[in-house]
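K.L.:
These are the residues of each chain, in order.
Number of protein chains: 2
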Amino acid sequence: MGSADYVYPATNVECSHRVAIPPPQPFVKSLKYNLKETFFPDDPLRQFKNQPTSRRFVLGLKYFFPIFDWAPSYTFDFLKSDFIAGITIASLAIPQGISYAKLANLPPILGLYSSFIPPLVYAMMGSSRDLAVGTVAVASLLTASMLGNEVNANENPKLYLHLAFTATFFAGAFQASLGLLRLGFIVDFLSHATIIGFMAGAATVVILQQLKGILGLEHFTHSTDLVSVMRSVFSQTHQWRWESAALGFSFLFFLLVTRYFSKRKPKFFLVQVIGYLKKGLNPPSFEDLVLVSPYLSTAIKTGIITGVIALAEGIAVGRSFAMFKNYHIDGNKEMIAFGTMNIFQVRKLRVLVIQWKFPGPFSRSAVNFNAGCKTAVSNIVMALAVMVTLLFLTPLFHYTPLVVLSSIIIGAMLGLIDYEAAIHLWTVDKFDFIVCMSAYAGVVFGSVEIGLVVAVAISLLRVLLFVARPKTFILGNIPDTMIYRNVEQYTNSNTVPGVLILEIDAPIYFANASYLRERIARWVDEEEDRLKTSGETSLQYVILDMGAVGNIDTSGISMLEEVKKVMDRRELKLVLANPGAEVMKKLNKSKLIDKIGLEWIYLTVGEAVGACNFLLHTCKPDPLKEESEAHNKV
Amino acid sequence: MGSADYVYPATNVECSHRVAIPPPQPFVKSLKYNLKETFFPDDPLRQFKNQPTSRRFVLGLKYFFPIFDWAPSYTFDFLKSDFIAGITIASLAIPQGISYAKLANLPPILGLYSSFIPPLVYAMMGSSRDLAVGTVAVASLLTASMLGNEVNANENPKLYLHLAFTATFFAGAFQASLGLLRLGFIVDFLSHATIIGFMAGAATVVILQQLKGILGLEHFTHSTDLVSVMRSVFSQTHQWRWESAALGFSFLFFLLVTRYFSKRKPKFFLVQVIGYLKKGLNPPSFEDLVLVSPYLSTAIKTGIITGVIALAEGIAVGRSFAMFKNYHIDGNKEMIAFGTMNIFQVRKLRVLVIQWKFPGPFSRSAVNFNAGCKTAVSNIVMALAVMVTLLFLTPLFHYTPLVVLSSIIIGAMLGLIDYEAAIHLWTVDKFDFIVCMSAYAGVVFGSVEIGLVVAVAISLLRVLLFVARPKTFILGNIPDTMIYRNVEQYTNSNTVPGVLILEIDAPIYFANASYLRERIARWVDEEEDRLKTSGETSLQYVILDMGAVGNIDTSGISMLEEVKKVMDRRELKLVLANPGAEVMKKLNKSKLIDKIGLEWIYLTVGEAVGACNFLLHTCKPDPLKEESEAHNKV
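Top line first, the protein sequences correspond to chains A and B. Reading the first sequence from the start, the letters are residues 4 to 637 in the working numbering. Reading the second sequence from the start, the letters are residues 4 to 637 in the working numbering.
When chains are identical, the list treats them as one kind, so a pair holds in a single copy or across two.
Below are the DSS-like pairs computed for lysine-lysine, each with C-alpha atoms no more than 25 Å apart in a straight line:
| no. | residue 1 | residue 2 |
| --- | --- | --- |
| 1 | K161 | K215 |
| 2 | K433 | K35 |
| 3 | K594 | K433 |
| 4 | K35 | K474 |
| 5 | K567 | K535 |
| 6 | K32 | K474 |
| 7 | K598 | K567 |
| 8 | K567 | K592 |
| 9 | K433 | K39 |
| 10 | K568 | K336 |
| 11 | K568 | K598 |
| 12 | K592 | K433 |
| 13 | K474 | K336 |
| 14 | K32 | K433 |
| 15 | K433 | K598 |
Think of the hints as simulated: they come from the structure by calculation, not from any bench. Computed from a predicted model, the values in this text were never measured in an experiment.
So that you can see chain A by itself, here it is in the shape it has in the complex (with noise of 0.2 Å):
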């Protein structure tokens, strides 16, 4: 692509302007340069530029704790907004915590410590306003899933709880570290088709789950996969208890339904939650952290991954309602203002798991959203609500039973089965559905981890396919100008007799170097074919566009340098055109430029094939410099 020319056709005269070799950089300041755009891309010292040292340290607690930002200006009139936002929330959060927690397979009560703290912290740390947070459905299955397969809840629950509280304190750290170390972009390699198919896929296995609940069954497996579930379920039909079925698919009709009559309003899930709830709030718990050996491994793991998710999550939605209203969303402050937000509740209360460690998810911001929220003081609401509820109401939630419990979740859960997006992504990018897909499939039939490794490493095979076989073009002249593009783009370009014009699509890496060489090798190959066979003008010129290579490292010179000495056995010209100032300076340091000769290196394609065509009608040796000459006197 990128490339045209410049004519004056009353004259006839081409033009050519040379290709500007980069001013040298001193090896440091370029480095520095480069650091800076990989770690600093959003610049985040930018406002401490040119400051006294105090309004520095004042600039900086605010960076930290956007709380004393938007504190001094806080109103009356924000505060009834937000009083009602969080009220809001806080209804949706009590019976979400205690739901999650079920699926963690802890105390419920546990659910309700993580709309505590969390949120407290959030308002002062975090950078988005909108944002709710508290628990998630799909860490709580992490946790069950990862955990599980080490110590069984039900026989060690008190190993199981400490196993869950250190997987929390590493997803913390890990957190906090990744966003003091400047290291948010590793979350972007979770893509937004991973993330939906990575997410229908919990939600498919958290409904299977669901089946023992709404069954009745007394006994299920503990593996997540849908062939164990099934077997499990279709091995113990004789024990299905139809009442608890039927009540359970009822009130899951009736929930659909109330969600479908109130779509576009907040949802209000006046629902009781069954729970051995414990009342009162609970003493520090540093102790309790699981640092020996055999399962040290596996808290760990645990905590990576699931704080990579919760990450993912947490920073798509919170920009997603930034967009909205237009402010602005630092990801890698977020991951601190997460991150000590799961080291505090491990600090602070008794067991906070996984699941509470997980920013709100999108229907609980929409919701804070939606009731007008105007600042995080809506997350403090909630957690004062919260708090309310765990010192005086929790003996209320004692009387629910498991199948309405079941209901509630699958109900949740098919919300985050989101198909038009996996339609969408069919329709625009069968690679990215693929993606999908495979995460989809591989949390259902593998688990958890699976699917995320897999979806992940097709997702960066493409990156890497991308560079290894890239697109290579033939351009074409699109008629009554001087600009080329590609030919298959559009169909009405000519291209030039006599001249083979190659657009290269991709950084020249070791990855593709041998690749381009052969592809180059049989375009020409292919190009003489078919000249030979309809008998046109044989070929004198290849013209590489060079105007997407935007990088080259020395495998890719070694390329170039072997397509040269090719091109002169085959008595062919090679000519470069557009090389852009990463590529220009390596094929000067390379020495190659002097091989390709830097007459032969023009700024655009059209000047190119000016030169060419001029040479093939007078054949003249180099007029070019003439040319130039001529047009620098004009």
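Go by the hints and put chain B onto chain A.
P.N.:
Same frame as chain A, but now just chain B:
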């Protein structure tokens, strides 16, 4: 990069050309095309097209056995050249084979077998006419290092032999199946820089191992890393035999001086090598394959790693000679040939270890080339010469002192440390230099595998970083033209008032979508700050040059959608210039094209700027349609 314009200065009428949406292609067709480009980039079946079946059979035979291609036209003159070349390389191969066998802790005679059958197989199946097949030091070292961790060659020589033998078999099977499955591109991921660093590191390690022979030590470490070897050497200074060291260094000096003076002539290693050589050929030995569990995985791992390195080096060497003589090397075909060679020698000879599956190193092939070889018959001559040696001359090699053997190895290894190439890497591409040094340090301070893994990981990281942190530039107008280029490369270019032109230099994928969103926002912020300070025209248009954006995925589409919304909110107009076929297809399928507006997508940056300028100065709502109609009439 990649944009310019087309103006008639006389009339000053901008003409705009529509950006084409590529014609829709059926999914199956485009999938087929992509698979072909990935696995059959060299179109190996092209010559089979439109041929009768009998002809296809002949071509197929020639494809797998190139000997049928050149044998019919073989002349006596060729034989004369090949005979001399064959004898010359045999005189190199015999001492090298024996020396390298010592490196791999194997009986020296096995080194000779390696130079017997493999050249015969390669002569029939290989596509390079100059490659001299034989043993290579690095592979010997790999064997010693990887198998030596499992089995002590001195304590259990039989098991060690069998393991080495099994590893060779797997290396062969792996190579052949890579070739058959068209996965040859995996070898491309070992970049030039990696191989330079790896070879130099391996040579250093081999030289360190020779300290045992030079200093006449009895006991020596089995580890290969620098620290262990140095500790082993300096812990037994009282055991050093000074007479041995003096003899060794003198001989090494003699070798190096001889080589210096005969630098551009074939090197004849007319020296004898120690060993307990058994006369005669050995019976088949498939039953010696070790297929039992504790060692099988080691053998397979060793086989695969050495197999890949052997291929990478062999193909690189073969290709550089092919370039000189202008013929084509087919990577995948070479793999099948190398693989068969290794499987075959397992069948025909007792133990032909990894070191013998290696194709000849550069030096031996260079000798072959200089000695005037015409075809692979030189390999056959060499094989015969080696056979004669095996049958009749082995007793002669009995009386060489070990110290001389060590000197020969050191002399050969010094040639593999290509410090000039490393300096070249530093000059041309700092990142490649880092890759090279990591490979070197990994091999010298860790192990052969560590060096390899580190270098490949860093190389891949570079590819991922290219995509994760793409370059974005501001484009400026090159004076007196309508061409727009990177302002940093073209220091004389000028920015356009009221218009910010950004070029994105990589595909927009999940891995960089967040980065690009933030980076674009930052460019706009910085530009607005600059304009505010200088009091120029405020910013009104942001043009994204998509010329170098080869592809976009759904995360990228969402990113563009967000950028569009943010621009709308900031009252800036988003304009796209020169999107490629893939990008246009996906913009169209995702309906984003309607949100941006087809009238805001231009073929070149020049046209986009023209339209913006026109609007800036006349403030008409949408003049382009009229313009373009006007132009169509002209």
